[in-house]
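A.B. asks: Here are the chains, one letter per residue:
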Amino acid sequence: MAIEMIMPKVDMDQETGTVVEWLKGNGQQVEEGETILVMETDKIAIDVEAPGTGILDGISANPGDVVPIGTVIAYILAEGEDLPKKPIESKEPVLEIPESSVPAEIEISATPVARNMAAVHGVNLAVVDSTGTGGKVTKADVQAVVSRAAKPVDPREIYATPAARRTARIEAVNMGLVRGSGPGSRIQVADVKGYLTSKTQADFAASPQIQAGEVIPLIGMRRTIAERLTASYQSIPHIQFTVRVDMTNFFKARNDYNELALKRGDDKVSVTAVLVKLVSMVLTDHPWVNSSLIDDKIILHKDINIGVAVALEKGLIVPVVKNADQKGISLIAFETNDLITRAREENLNSADVKDGTFTITNLGPFGVEQFNAIINPPEACILAVGSTTSEVVALPDGTIATRPIMRLTLSADHRIVDGAVAARFIGDLKTTLENPILMNY
Amino acid sequence: MREITYLEAVREAMTQEMERDSRVFLIGEDVGEYGGAFQVSYGMLEKFGPERILDTPITELGLTGAATGAALIGMRPIAEIMFMDFTTLASEQLVNQAAKLRFMFGGNATVPLVLRTPAGSGTGAAEHHSQSFENWFVHVPGLKVVMPTTPYDAKGLLIASIRDDNPVVFIEHKLLYKTKGDVPEELYEIPLGKADIKREGKDLTIIATSIMVQRSLQAAEELAKDGIDVEIVDPRTLRPLDTETIVNSVKKTGKVLIVHEAVKTGGFGGELAGVIAESEAFGYLDAPILRLAGREVPIPYNRNLELKAVPQVEDIIQKARELVNLRV
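Going down the list, the protein sequences come from chains A and B. According to our numbering, the residues represented by the first sequence are 1 to 441, in order. According to our numbering, the residues represented by the second sequence are 1001 to 1328, in order.
Worth flagging that the hints you see were computed from the coordinates, not collected in a lab. A quick note: this is a predicted structure, and the numbers were derived from the prediction, not measured. Just so it is clear, CB atoms sit at the ideal spot from N, CA and C, and this is done for glycine as well. Do not rely on the hints blindly, as some may be mistaken.
Straight-line C-alpha distance at most 27 Å; calculated DSS-like pairs for lysine-lysine [as the list claims (entries may be wrong)]: (1) B:K1100 x A:K9; (2) B:K1194 x B:K1180; (3) B:K1225 x B:K1194; (4) B:K1252 x B:K1178; (5) B:K1047 x A:K193; (6) B:K1225 x A:K297; (7) B:K1225 x B:K1202; (8) A:K268 x A:K430; (9) B:K1252 x A:K193; (10) B:K1100 x B:K1180; (11) B:K1251 x B:K1180; (12) A:K252 x A:K268; (13) B:K1251 x A:K193; (14) B:K1047 x B:K1225; (15) B:K1100 x B:K1178.
A short list of chain B residues far from chain A (calculated; beta carbon distances all over 12 Å) [what the hints assert, rightly or not]: (16) Q1016; (17) A1037; (18) T1056; (19) M1082; (20) F1083; (21) D1085; (22) N1096; (23) I1159; (24) L1192; (25) G1254; (26) K1255; (27) V1275; (28) F1282; (29) D1286; (30) R1295; (31) R1327.
Here chain A stands alone, though its shape is the one from the complex (with noise of 0.2 Å):
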């Protein structure tokens, strides 16, 4: 290895030395402390050694020159070593730039629609690949054009953690997507993750070969909703029974209260109404059914309160009628009507909504004959009540008829209700509807 003879530093400040003399020239025989160069800096001259034995060669530095300290000024070489090859210099690359091949958009072959499209976001179709039939460009074509150039947020405006970055970066997330929900609406990883699981809808959603429609961000309600149907559905074990009801004397008693209702200027009685008292009844022999599971505990509720699930343009809410079973029929019309007109309106207080123990929703009215509802959580149940229908029946006596019959379908959380349990209550509730005068038992 050729040994490297470099401009020394000898004072506390110096930046360069001098080159006064070479006292042996390229190609002599040197021995290691011989002095070989005088060199001066500005204060002193000095004499340098050899920092080796071997051929001086390669002198770089000319008396008379003044060369940064650590700088190699020649080379000590062994017998028949050559001088190291000097670093090639890197030269500035220089940027061909290729003769525009882009041809005039006038010659490009386009389908009408696609060259509307091209005008409208400003894509020259020449950069555009075609597909279509003899090279013509098509909507598809200028579409993927104009896709690739809506550009992601310049990350750095946005404001994040460095780990929802991470995340994002990883995931491919664009985060001016992502709301975020630290201080400031900084985006935390939690963020970028809750992001991540809506992802798939709305890729679905921006995909090119589906014309996007209106994108909504899953916030407020519908979030609220997502969100705690997703835990219930997850985390609880639902089972479904379904019973088939004779509804002819349920529609009897709802046409006598009406009636009376009439005359006395009360509010009209709705299939809901009878619905809330005589589930609330029923709900007092079953104890089990009308409880909630929390923190490992079963609370059998000592109150029967009944929400009702009422559809609103931008979710759902389920108002509650506290201790219908404590309560007559026009009470429960007066407050049903109440609650889910408010809750039309958004009308609806904490309170209206709070402490229910038993769900009823009733997709009847749409037409659905049976469904199955997911529990609304702390509750344990919730009843889905399907539309009334004119069935053929075999009646006891053997003949045939035609009645208004509906199909409810109880869901019931399965770790603290059992099959049994619930049986028994759906059963007893089908008794009771079919005949609305035990009520009075």
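Got chain A; can you put chain B on it based on the hints?
C.D. replies: This is chain B only, laid out in the frame that chain A set:
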């Protein structure tokens, strides 16, 4: 296992090492007849005699210089500085001599010196007897800096420090002297430069030193009641620092609270924050790195003000909550 105090663990490490190795001796002010200002060396004069338990005049510079010289010629001195505050007087010998000699002699000289000293406030000893200067020495290449938290760590780290060929600043804490813990009777070493996870958790990493480890452990118990699961990393050795353990913990939790007693500005917390920010853990941070440290004042004599001047358990709980609940 047998329980002894932190103070007894320090004494036992010195005693057992002196029995094992005749080159080890103790030098300091009032370490002999008086048994040490905190009675750490109580009874050692009777056991080892005045040649190995050396009482010196009141000159920290002199005794540290003497210890450095002794170390250079092959002895393994333990020098005690009565209060860390007085290491200012010893620092010329320590910083400009002991720390440099091995480098200046190209590795041909070693300075196996341990400088033991108690730091910290809480005893009502006011401005000149309550300070925590660890970071001054952390800043010096050539010194090792050790801050044990438990009696077990105190014994194992002191033995390792005595056996180390480099000058070690061994910082004890006055309030920890009376704390108890399991300590084996036999000799054992805890390697310098190895951190210890004092509590495992997943929500937040607290990196604490000395007495603040104990306070953080108490805080963690309270926080656990709210479902906040705290991991506590005790570096034990500040230099060399076990960055790996720290980085791994931060990668796990994404949130860091650094707690030390020394004044915040220029304190070791800044170094820790820098190490984390430079490391791969940066990309895992889900909140700013927070430091909870001593206020920018000399330690006051007034008891209430003294408590306010350095982090207490409630302060740690509050800061941890702020971090975990994303209020910062």
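A.B. asks: Next, verify each hint and record whether it holds.
C.D. replies: For each hint, the structure was consulted:
Taken as a hint, the B:K1100 and A:K9 pair is honoured in the structure, with Cα atoms around 22 Å apart against an allowance of 27 Å. Proximity of B:K1194 to B:K1180 is assessed by CA-CA distance (about 22 Å); at most 27 Å being required, the pair is judged to hold. For the suggested pair B:K1225 and B:K1194, the alpha carbons sit about 30 Å apart, so the restraint of at most 27 Å is broken. A distance of roughly 34 Å separates the Cα atoms of B:K1252 and B:K1178; the hinted pair therefore is violated under the 27 Å criterion.
Restraint check for B:K1047 and A:K193: not satisfied, since their Cα atoms lie roughly 65 Å apart, outside the 27 Å limit. For the suggested pair B:K1225 and A:K297, the alpha carbons sit about 20 Å apart, so the restraint of at most 27 Å is met. A threshold of 27 Å between alpha carbons decides the hint, and for B:K1225 with B:K1202 the separation of about 15 Å falls inside it, so the pair holds. With a C-alpha separation of about 24 Å, the suggested pair A:K268 and A:K430 falls inside the 27 Å cut-off, and the hint holds.
Restraint check for B:K1252 and A:K193: the C-alpha separation of about 16 Å stays at or below 27 Å, so the hint holds. Between B:K1100 and B:K1180 the alpha-carbon distance is near 37 Å, which puts this suggested pair outside the 27 Å criterion. In summary, the hint linking B:K1251 to B:K1180 is not supported, as the alpha carbons are separated by about 33 Å, beyond the 27 Å threshold. Distance hint between A:K252 and A:K268 is fulfilled; the C-alpha atoms sit about 15 Å from each other, no more than 27 Å.
Between B:K1251 and A:K193 the alpha-carbon distance is near 17 Å, which keeps this suggested pair within the 27 Å criterion. Only pairs whose Cα atoms come within 27 Å are accepted, and B:K1047 paired with B:K1225 is rejected, the gap being roughly 49 Å. Restraint check: the Cα-Cα separation between B:K1100 and B:K1178 comes to about 35 Å, which exceeds 27 Å; the hinted pair is violated. No beta-carbon of chain A is positioned within 12 Å of the beta-carbon of B:Q1016; the least distance is around 47 Å.
Taking the minimum C-beta to C-beta distance to chain A, about 44 Å, the non-interface status of B:A1037 holds against the 12 Å cut. The claim that B:T1056 is not at the interface with chain A holds, since no C-beta of that chain comes within 12 Å of its own (minimum 38 Å). For B:M1082, the non-interface assignment is confirmed: its Cβ lies about 39 Å from the closest Cβ of chain A, beyond the 12 Å cut-off. No beta-carbon of chain A is positioned within 12 Å of the beta-carbon of B:F1083; the least distance is around 38 Å.
With a closest Cβ-Cβ approach of about 35 Å to chain A, B:D1085 is found to remain outside the 12 Å limit, as its non-interface label requires. No Cβ of chain A comes within 12 Å of the Cβ of B:N1096; the nearest lies about 18 Å off, and the non-interface call holds. B:I1159, annotated as away from the interface, keeps every beta carbon of chain A farther than 12 Å; the closest lies near 40 Å. At the 12 Å boundary, the C-beta of B:L1192 stays outside the reach of chain A, the nearest C-beta of that chain being 31 Å off.
Not every Cβ of chain A is farther than 12 Å from the Cβ of B:G1254; the closest lies at roughly 5 Å, contradicting the non-interface assignment. The beta carbon of B:K1255 is not kept farther than 12 Å from every beta carbon of chain A, the shortest such distance being approximately 9 Å. Its beta-carbon lying about 15 Å from the closest one in chain A, B:V1275 satisfies the requirement of being farther than 12 Å from that chain. Against the 12 Å criterion, B:F1282 falls within the reach of chain A, whose nearest CB is about 5 Å from its own CB.
Residue placement check: B:D1286 does not keep its beta carbon more than 12 Å from all beta carbons of chain A (closest about 4 Å). Its beta-carbon lying about 24 Å from the closest one in chain A, B:R1295 satisfies the requirement of being farther than 12 Å from that chain. The claim that B:R1327 lies off the interface is violated: its Cβ sits roughly 6 Å from the closest Cβ of chain A, which falls inside the 12 Å cut-off.
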